[in-house]
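Trainee: Throw the hints in and build the complete structure from the sequences for me.
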Amino acid sequence: MSTTTMEPQGPRPSRITPARIGVYAFLVVSAAFFLLPLYVMVITSIKPMAEIRLGNLFSFPLAPTIEPWIKAWTYACTGVNCEGIKVGFLNSFRILVPSVIVSIALGATIGYALSFWRPKGANFLFAVLLLGAFIPYQVFLYPLVRMLSTVGLYNSLPGIVVVHTIFGLPLMTLLFRNFYAGIPIDLFKAARVDGGGFWAIFFRLMLPLSTPIIIVAVILQVTGIWNDFLFGLIFAGRENFPMTVELNNVVNTTTGEREYNVNMAATILTALVPLVVYFVSGRWFVRGIAAGAVKG
Amino acid sequence: MKPRFFRSIAAQIALLPAWLIVIFAYLGTIAWTIRISFTSTKVFPTYDFVGWKQYERLFATDRWIISGQNLFIFGACFIIGCLIFGFLLAVFIDQKIRAESVFRTIFLYPYAMSFIVTGLVWQWTLNPTLGVQQTVRNWGWQDFTFDWLVRGDRAIYVIAIAGIWQASGLVMAILLAGLRGVDQELWKAAKVDGIPTWRVYLHIIVPMLSPMFVTATVLLATAVVKVYDLVIALTGGGPGISTEVPAKFVIDYLFNRQNVGLATAASTVMFVTVLVVLAPWLYSQYFRGQRGRGA
Amino acid sequence: MATVSIRDLEIDFGTLRVLQTLNLDIAEGEFIVLLGPSGCGKSTLLNAVAGLLDVTAGQIWIGGKNVTWEEPKDRGIGMVFQSYALYPRMTVKGNLSFGLKMAKTPSEEIEKRVAKAAKILQIEPLLNRRPSELSGGQRQRVAIGRALVRDVEVFLFDEPLSNLDAKLRTELRVEIKRLHHELGSTMIYVTHDQIEALTLADRIAVMNGGVIQQLASPKEIYRRPVNRFVAGFVGSPGMNFVDGTLSLGAGAPGFVLSDGTRLDISGYEFSGNAKDEQPATIGIRPEQVDLKEKGEDATILPISLNLVEPMGADSLVWGHVSGTQFAVRIDGDDHVTTPVTVDAFFSPSQASIFDKTSGARL
Amino acid sequence: MATVSIRDLEIDFGTLRVLQTLNLDIAEGEFIVLLGPSGCGKSTLLNAVAGLLDVTAGQIWIGGKNVTWEEPKDRGIGMVFQSYALYPRMTVKGNLSFGLKMAKTPSEEIEKRVAKAAKILQIEPLLNRRPSELSGGQRQRVAIGRALVRDVEVFLFDEPLSNLDAKLRTELRVEIKRLHHELGSTMIYVTHDQIEALTLADRIAVMNGGVIQQLASPKEIYRRPVNRFVAGFVGSPGMNFVDGTLSLGAGAPGFVLSDGTRLDISGYEFSGNAKDEQPATIGIRPEQVDLKEKGEDATILPISLNLVEPMGADSLVWGHVSGTQFAVRIDGDDHVTTPVTVDAFFSPSQASIFDKTSGARL
Amino acid sequence: AEKAEVIHWWTSGGEAAAVQQFAAAFNAAGGEWVDAAVAGGGGDAARTAGINRIVGGNPPTAMQFNTGKQFDELVTQGLLSPLDDVADAEGWKQHINPLVLAAVTRDGKIYAAPVNIHSNIWLWYSPAALEKAGAKAPTNWDEFFAAGDKLKAAGIVPVAQSGDAWTQVLTFNNVLIGAGGKDLYYKIYKDLDVDAVKSPEFKKVADIFAKLRDYTDSGMQGRQWNQATAMIVTGQAGFNFMGDWAKGEVIAAGKTPGTDVGCIPGLGNQEFWIGGDVFVFPVNKDPEATKAQKLLEKVLLSPEAQVAFNNKKGSIPVRDDVDLSKVDACAAQGIALAKAGNVVESTDILISPDVSGSFTDAIASFFSDKSKTSDDFVASIASIVEGAK
Ligand SMILES: Nc1ncnc2c1ncn2[C@@H]1O[C@H](COP(=O)(O)OP(=O)(O)OP(=O)(O)O)[C@@H](O)[C@H]1O
Ligand SMILES: Nc1ncnc2c1ncn2[C@@H]1O[C@H](COP(=O)(O)OP(=O)(O)OP(=O)(O)O)[C@@H](O)[C@H]1O
Ligand SMILES: [Mg+2]
Ligand SMILES: [Mg+2]
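So the sequence lines, in the order shown, correspond to chains A, B, C, D and E. According to the working numbering, the first sequence is numbered sequentially starting from 3. According to the working numbering, the second sequence is numbered sequentially starting from 16. According to the working numbering, the third sequence is numbered sequentially starting from 6. According to the working numbering, the fourth sequence is numbered sequentially starting from 6. According to the working numbering, the fifth sequence is numbered sequentially starting from 475.
No incorrect hints appear here.
Listed below are the simulated DSS-like cross-link pairs for lysine-lysine, each with C-alpha atoms no more than 27 Å apart in a straight line:
no., chain 1, residue 1, chain 2, residue 2
1, C, K299, D, K297
2, D, K124, B, K206
3, B, K206, D, K109
4, D, K121, B, K206
5, D, K299, C, K299
6, B, K111, D, K78
7, C, K172, D, K361
8, B, K203, D, K109
9, B, K57, E, K863
10, E, K678, E, K863
11, D, K78, B, K206
12, D, K106, B, K206
13, E, K759, B, K57
14, D, K297, C, K297
15, D, K182, B, K203
16, C, K224, D, K172
17, B, K203, D, K124
18, D, K70, B, K206
19, D, K297, C, K182
20, B, K57, E, K664
21, C, K297, D, K182
22, C, K172, D, K224
23, D, K98, B, K206
24, B, K203, D, K70
25, D, K124, D, K78
26, D, K78, B, K203
27, B, K203, D, K121
28, D, K172, C, K361
29, D, K98, B, K203
30, D, K172, C, K172
31, B, K68, E, K664
32, D, K117, B, K203
33, D, K297, C, K224
34, E, K863, B, K68
Read the hints as simulated data drawn from the structure, not as lab findings.
Mentor: Following this line, the structure appears as structure tokens:
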């Protein structure tokens, strides 16, 4: 050690503090907790059954195989149908695309009308919609079944689209309303002075501005609708069962031994779309959550 | 006077679908549900009037009481767990760390997954003969026990853990947004005042973030009331009926047990509870002191 | 160019009455500034003229036509907003032509008008840019251009400069003035910045609490404010107010301060109904006080000074008159050593005297 | 009260050098203002003094002690921020005492100090309120109080007034000045508002691009700016600059404008190294020009005027000198009819002449 | 071909093989079988889907119920077609077991096609496991527990039990009939007699049921019935309470019921439980679909399909005019019991789904919570019986 006391000058000598190490330790441990299930899923899905029977859930596969994935996708059975969950995958898409489009289109229009035009009863409408976002679905299920069947939409593709639209509307409206609330009202007034009507202002002025929130809405709706189980089960009809319902069927259909690897593969396949959406657009996802959750 | 209504006639037309949905899908169904809850309906609606009978039976049913208790236990653990864990994550992520976005991504990805998926994965991971317990035993600790999933008195906590796993990232995201909104000068002021960082968080930041905490709590609370998929996939209500929840009660009686009257009474109770808790918050968030923007 | 006439206008928001029986007549080609503190109803009045909100009672006439229930686009008005409210995703050209397209104007006519407006405003090279690629001043011109292409007769401005920094504000003020000279249109301009009001207006309407307090030329407003509110609101640093009582009995009229000092106010022109012994407030602007020379009709004002604020060209000297804070503006070159008590001078003819309770000019 | 001394300070953010070998010595009890445009490094310098960021090179001494590596709390400094950074959910009392509690000061000592600070700042009645229940001025006092209770010797202010409206700003400026008189502490005050700088400072350090351009008294800065940047930055409306060439050959020294006009600059004191035929810029402040009377050593300045902006006490008259825009400040009572071309007058001894390329004062 | 969309919940290996027999027979008869299997919850999910579709006006061609009251309200609402024309033509009334026939008849009309007779109250055991532990097949409950202890000592799971609530109910009914007897069973489920619940006989049943809990393993939760059955097929466990459909799993595993896996109907009091599955045919407007329904009704109860189906399924045919020679040893035991009149009707026939659900809750919550005493159990059953009156 040098005997001269160092004169403070220039940059402080940097040091790695215990606090810093603690921060990273905490984060890494937490990350492990969050990744654990994903790890288990992936690892198990590529193990042959023989290894799974050994019971070591976390061990690395000795003889990795993609057979479970193929089976899950193409010929896992639900009852006597052994077509895998690819059917559900297609169904989920057929439900997803129109539901996302319709609910967003409607949410955007309503959000726009509520923020800028404030017609009579707008507050009431908004209040009910908001409340609707928080009410347990169970309240609606049975009457909706009856209502949809009265108009002949029960157990059909349009039916499930309507249901997703109904239950997606509060969040979409809120999202767009909050977004439009952040757009200066002056912009709207200027367009009014320029002679723009309801639709002209919406299509020419507001929609081009709405790209960011539309992205957010698409992300939220895609993950939300894809992940839905209850509505798919009750309203979609057998022909249109979405992937989550198929997954549940596959997992609960057992012939003798439970094929954990196939089930895990099916689970990953089911979670794939939302996960991809999420990983590709994580930043927007965070923003979307914030926008949807907090007053704009 | 002519103007307001006619001027916004296009707006009214645009809102027509919303009105239809609100009137039929929301208000109509709620009214219908409440009405049915006062009848003796089994599978098909009968419009008699039996007073509070369904409600009396409801609160005399063990399973409903247990469902309520479970909801409370689950709700408390889930909300408090998410808030604490989510807050810690947000605080640690806010420490100017490397690879921040990687960590953020990891903490939030479960929120993108379906409860069905979450439930299945945790069911397998925590299954005593298959998952963590067995693994640790295979490592040599033969006495290691973690069998909460199959213990009636503990299973509900497992559901809470799975829920926390899924939703604390959400809390993190909300609080992180709040933390990032904290005036940097406040940190400097605290540093000049010589206040240790953890105390700044505890005494200054947490109180400042209270609106975010409230928002997060409301979101979590509504998830609690709706919780269904998670229970279905994780325990199916078992062992026994130890992890039953109200939402599952309603669905079961609605569709399997063919007692719609009782089911609607249960959902009415849920609805009223949510309304009572939520209405003040909604009002203060969205309608109080609202300044018109004119049109 | 058109007259604008507002008759008995009332506007309520719910239970809140924002404008009360307001009357205002604006001549052709006149530049009127609405000046007042935040929340006094300036924007509300402007929006009512534009047709952007519904009036509760009263009428609005533009160019001799009752337009109370007309759509904004049919009123012959153009509006320039504080934020300029340019359509962000359209080019400058798109911004200018949007209104015309809405009115289904033929496209060559649109081309022609846009070209003309662009020429007047000197924004030809910018036509293909987006608003985000423009400077503050260029944005303002585009915003004005949007009204210009529509050949409007009345321009409405809602605090168009308040978002800008001081330097740009000065420049654009000059620009607007020039444009008014050039176009000769009627202009109604809202601001809460008194410098803007004083420099731009033909007449200023000072508003407070939804009521027009005074409608007069800038000079008149500055020199002879009709009440204490107007006097205090216009001028920076503000007018000094000292309480006291009138003494109109024997001899020259006087104003007795609370510490007993009697100021001779011989040159002051009372507007009427001033009574002897009436409690009143005298208002003197900082630059109306002279520490050195005694002007012709000057009156002595004893003042104790305790702080000098040099501001470059001038300095402000702060002190007290009869216990009330009082500022005096002196030349930046002049020197005062504080603290000191001196006899200063002011000319009563330039001062204002207000009733103590009602605040009305006496 | 303590001296502050900054020696060869350098600060980098990554590859960006924000401060370059900066030296500054501040005497005990002095009020120093750091003035400069946004982004010039004022806050960076202040934060370095406070210890809120690490220096790249150089030293900082406070009260004769090298504190380059000390923690902020140990430097004997208090800091007041633009947003005040009051702890939002604590009462005023909590805000004042929190730092002391953290330092484990005995509670009666805390009481005593809080009471004393509250007295000095006249905020005793506010002690139990929350920051959100305070006015802007009251908040500022609490922020100052937070430093006061800790008995600091150096106060650092980072644009404490820039969030406020004009009226309040004027009041609080006076308040800060008063406090400085009362406490006698050393104060370093950052602003980009030149009025604040001129009114408050004992000395002003005008900064640009991380370098101190001029460190001098307000008067000196206003009257004899060392370069064109300082001249242009201080004063509002800004100094008029007209390009031309020096003519120092035969006869009285002159300044030849681009249109050939030759201005007699006999009274001007060159600071040295001015060369004949040198391209230069002459700077004249608007109030240094007189349209009517010819002062003692005045020089004729031909000017064409085209717009009058009345601003109450004064009016600005805009025009051109040799094709360059030029503003003249006249008394509000004076009258000018525009457009007109007149001979105005200015005194060369008050003007400034800069090198055209380097901008340095000649 | 007439398309017939059939909702059912036969998704396990043995079940799927069985239902395939119906599909084949129907296709052979000129129809087109559209399979709509919905897994989960012992038929809960499938019934939910089916009822919703019927209520929603988009009914399937046919849908499965358990023999009993599950479809009562569909009948009351007039949503089901009566099958009397086909029944008369096919001689159902002569050849179908009268108890079963009664269970599908409402107001004199037949509303469902019963396809099998299932007996729920079987005790299956693994001779290999018992032998290894040195135990022998029990004839009463004391012997059962003695064997259980030996199995435990040998490190073999005594009772392979599933965690699903309905399998625990099934175990309970086994105990109730086996240890309590037919009378007690009827007193409770049919007469809803509270005194019977509070009787010492029922207390004994409750004690036995309580004791059973100690003979299950910790893997019970999350295990499905067929996995439990597989445990005795492979000798991992000694006993398994399950319905006769367990045989399907046994057969699917290539073993022979009766020899490789032992079967005991109603341990203690030998009884044959009559339950099973039926198909209902919702009213619909489409004549094509009605035609398909008629064809399907006929095919389902045709003697050939009956034999083929029931052999795979493990149940016994509802008709007595079919060739019973090929039935396995266990089924033969059952048929013999039925002939002797030692039969009980299933709970689905006796009580409504609502009440049955309450029983399920009480039984499952007792069975999976060892801290609950048999007195608690008696009390909870008593309150259900009280409330169901
Ligand atoms: N849509 C509205 N709903 C309810 N109150 C309103 C609405 N618009 C304005 N107000 C109220 O009317 C009053 C006048 O508002 P206005 O916007 O005209 O003020 P202003 O003079 O333009 O103020 P500023 O200078 O801040 O723009 C204010 O008290 C305001 O709160
Ligand atoms: N943490 C940082 N990282 C990188 N660059 C920074 C950081 N802080 C400041 N800078 C840069 O350093 C320069 C000086 O910043 P500083 O905040 O000192 O300016 P300032 O003079 O206080 O300006 P203002 O008047 O806007 O407050 C700016 O260019 C700024 O972009
Ligand atoms: Mg306004
Ligand atoms: Mg700064």
